[in-house]
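**Q** Start from the sequences and build out the full structure, keeping to the hints where you can.
Numbering-wise, the sequence shown is residues 1 to 301 according to my numbering.
Warning: the hint list may mix true and false statements.
[Stated by the list, open to error] Taking lysine-lysine and the DSS-like style, the derived pairs with C-alpha atoms no more than 30 angstroms apart in a straight line are:
hint : residue 1 : residue 2
1    : 204       : 57
2    : 6         : 294
3    : 13        : 288
[To be verified] Label-pair restraints from in silico Cβ distances:
hint : residue 1 : residue 2 : range
4    : 290       : 33        : 31 to 37 angstroms
5    : 4         : 57        : 43 to 49 angstroms
6    : 291       : 248       : 19 to 25 angstroms
Bear in mind the hints are in silico, worked out from the structure with no lab data behind them. A quick note: this is a predicted structure, and the numbers were derived from the prediction, not measured. Quick reminder that beta carbons are idealized off the backbone N, C-alpha and C, glycines included.
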Amino acid sequence: MSEILKTEICGIKMQTPILTASGTFGFGEEFADFVNLKRLGGVMVKCITLKPRAGNKGVRITETPAGMLNCIGLENPGVEIFLTEILPRIKNKFNIIVNISGSSVEDYGKLAKFLDVDGVAAIELNISCPNVKDGGIIFGTNPKAAAEVTTAAKNSTSKPVIVKLSPNVTDITEIARAVESAGADCLSLINTLMGMEINIDTWKPTLGNITGGLSGGAVKPVALRMVYQVAQVCKIPIIGMGGIRTAADAVEFFLAGASAVAVGTANFANPNVANEIIDGLENYLRRKNLQSIKEIIGKVK
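**A** Here is the structure:
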């Protein structure tokens with residue numbers, strides 16, 4: 001394994017700064033036949049909730065120009081099954097970052113406590129979820145709510161806490177500063193943009209949930225801009241994501257200030273894309289006569 005891409009984020013040693021984004025890579029094991037998982041910096045596994053969730057009804061994915069819309073609805077087996085059946089199978093095979101979601105501040109604290117176990121490298125808070133106890137507010141669009149969720153998780157675990165930021169806000173730096181002040185160890189951004197599609201024959205929305213999250217190449221310029229903005233005001237590391245499909249895309253995110261990047265929607269089109277990006281990134285650094293990935297982080301002029 002090449003030394004040039006080795007890095008460390010929040011005390012987590014990574015062979016490369018290329019991760020796979022939650023919701024696009026299952027629990028990692030599903031891709032074992034296609035990808036050398038040991039080369040990844042980590043796998044942000046499918047979102048876990050306290051109880052099992054069946055997800056939304058109707059059409060849940062539709063392709064769009066340069067991307068896709070999804071409204072899966074956080075379908076998952078729940079934290080108990082994850083801990084007793086899934087984690088033992090994937091433990092020690094790669095850095096496992098568990099994405100979690102709750103309906104209340106208390107839920108995040110409980111989940112963080114459950115996942116404070118051997119084999120889990122870090123916890124990623126999905127705060128783009130309705131807060132059922134608070135009139136449907138989205139945690140990720142309210143600085144105070146985002147900070148409360150972050151504090152609840154931090155107080156309940158010894159693991160690094162990564163907060164995944166929603167792009168569906170007026171000023172993402174306001175949310176970023178709020179969760180950093182609340183103790184977040186790292187930020188990941190962006191989550192999906194809100195979008196929809198309408199069937200012109202039926203005159204009905206394509207997705208069963210009417211709206212869904214837009215991801216893929218179409219969102220990259222938005223994601224890159226937000227990573228750059230957040231890097232200007234926060235001191236904690238950033239994991240950039242949103243439309244990364246090539247090594248060149250990844251380099252842009254590093255230059256904008258990301259310490260690592262996560263590949264998401266591109267995994268569906270090419271299961272081995274993360275490894276290809278790793279190869280391309282290594283070639284880029286050697287071509288530039290650089291000794292470490294750290295030499296390009298935040299170096300946009």
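**Q** Flag every earlier hint the structure violates by its number, smallest first.
**A** none
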